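Please model the entire structure based on the sequences and the hints provided.
Under the numbering used here, the first residue of the sequence shown is numbered 30, with each subsequent residue one higher.
Please note that the accuracy of each hint is not assured.
[To be verified] Lysine to aspartate or glutamate pairs mimicking EDC-like chemistry, simulated, CA-CA at most 16 Å apart: (1) Lys-34 / Asp-103; (2) Lys-232 / Asp-170; (3) Lys-146 / Glu-37; (4) Lys-55 / Glu-121; (5) Lys-149 / Glu-234; (6) Lys-146 / Glu-121; (7) Lys-146 / Asp-103; (8) Lys-149 / Asp-52; (9) Lys-149 / Glu-95; (10) Lys-136 / Glu-95; (11) Lys-146 / Glu-124; (12) Lys-146 / Asp-222; (13) Lys-232 / Asp-103; (14) Lys-149 / Asp-222; (15) Lys-232 / Asp-222; (16) Lys-146 / Glu-36; (17) Lys-149 / Glu-121; (18) Lys-149 / Glu-36; (19) Lys-55 / Asp-170.
Just so you know, these hints were derived from the structure itself, not from any lab. Quick caveat: nothing in here was measured; it's all calculated off a predicted structure.
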Amino acid sequence: VSATKREESLQRVPVSVNAITGDQLKQSGVVRLQDMQLPSLTVQEGGIGNSVFIRGIGSGINPGFEQSAGTYVDGIYRGRAQQSRAPLFDVERVELLRGPQTTLFGKNSVAGAINVKSAKPTSTPSGYVTGTYDFELEQSDLEGAISGPLSDRVRGRLSGRALSADGFVENLTIGGGEPSRDDTSVRAQLEFDATENLVATLKAEVSEFD
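Laid out in structure tokens, this is it:
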């Protein structure tokens with residue numbers, strides 16, 4: 030895990046941590062934070078945004094407040110409740126850090142932190158495609174990634190996810206189903222060996238979720 034900003038064994042980290050690998054998330058069908066079942070973690074989905082609580086401590090649904098339970102994706106802080114709705118895709122692991130994490134993750138993470146690590150580019154060609162379709166609810170979910178070397182010193186990875194759901198309740202006032210969802214996310218990464226002791230990574234990600 031990287032709870033202390035460096036790769037360490039889970040047994041050696043002096044922090045209360047739960048870690049889930051990307052393979053475990055796929056096997057469990059978890060694609061959002063609110064689908065995760067972890068001790069001390071509660072994610073409540075509301076009309077404005079999600080409310081994230083760790084050990085019962087959180088900031089509530091006020092959109093003007095930054096979250097007391099911080100969410101970090103590859104070291105990037107997602108401070109607003111709405112940003113925690115972004116889907117989880119092509120993930121290496123998710124770490125739940127309980128207790129104040131102000132020293133390493135910032136002054137706002139007084140309840141704890143959710144540390145998400147994306148899958149990294151690989152030195153050998155690899156990839157996957159997964160998809161599901163629910164005929165009754167007319168919900169489709171497609172995810173995939175391709176990774177491999179671009180040269181002796183450069184590696185790349187391209188991943189994406191698209192989900193469309195019409196909902197399971199018919200809205201007789203405006204028509205259509207509720208709660209409907211449309212999520213689209215694309216991530217591109219380039220990793221290159223700058224020197225013998227330095228590896229640099231460039232990442233660009235675009236997500237849209239309605």
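Here is what the structure says about each hint:
no.	hint	in the structure
1	Lys-34 / Asp-103	11 Å, holds
2	Lys-232 / Asp-170	24 Å, violated
3	Lys-146 / Glu-37	14 Å, holds
4	Lys-55 / Glu-121	11 Å, holds
5	Lys-149 / Glu-234	14 Å, holds
6	Lys-146 / Glu-121	6 Å, holds
7	Lys-146 / Asp-103	5 Å, holds
8	Lys-149 / Asp-52	14 Å, holds
9	Lys-149 / Glu-95	29 Å, violated
10	Lys-136 / Glu-95	11 Å, holds
11	Lys-146 / Glu-124	8 Å, holds
12	Lys-146 / Asp-222	20 Å, violated
13	Lys-232 / Asp-103	9 Å, holds
14	Lys-149 / Asp-222	14 Å, holds
15	Lys-232 / Asp-222	15 Å, holds
16	Lys-146 / Glu-36	12 Å, holds
17	Lys-149 / Glu-121	8 Å, holds
18	Lys-149 / Glu-36	14 Å, holds
19	Lys-55 / Asp-170	12 Å, holds
Checked against the numbered hints above, the structure breaks hints 2, 9 and 12 and satisfies the rest.
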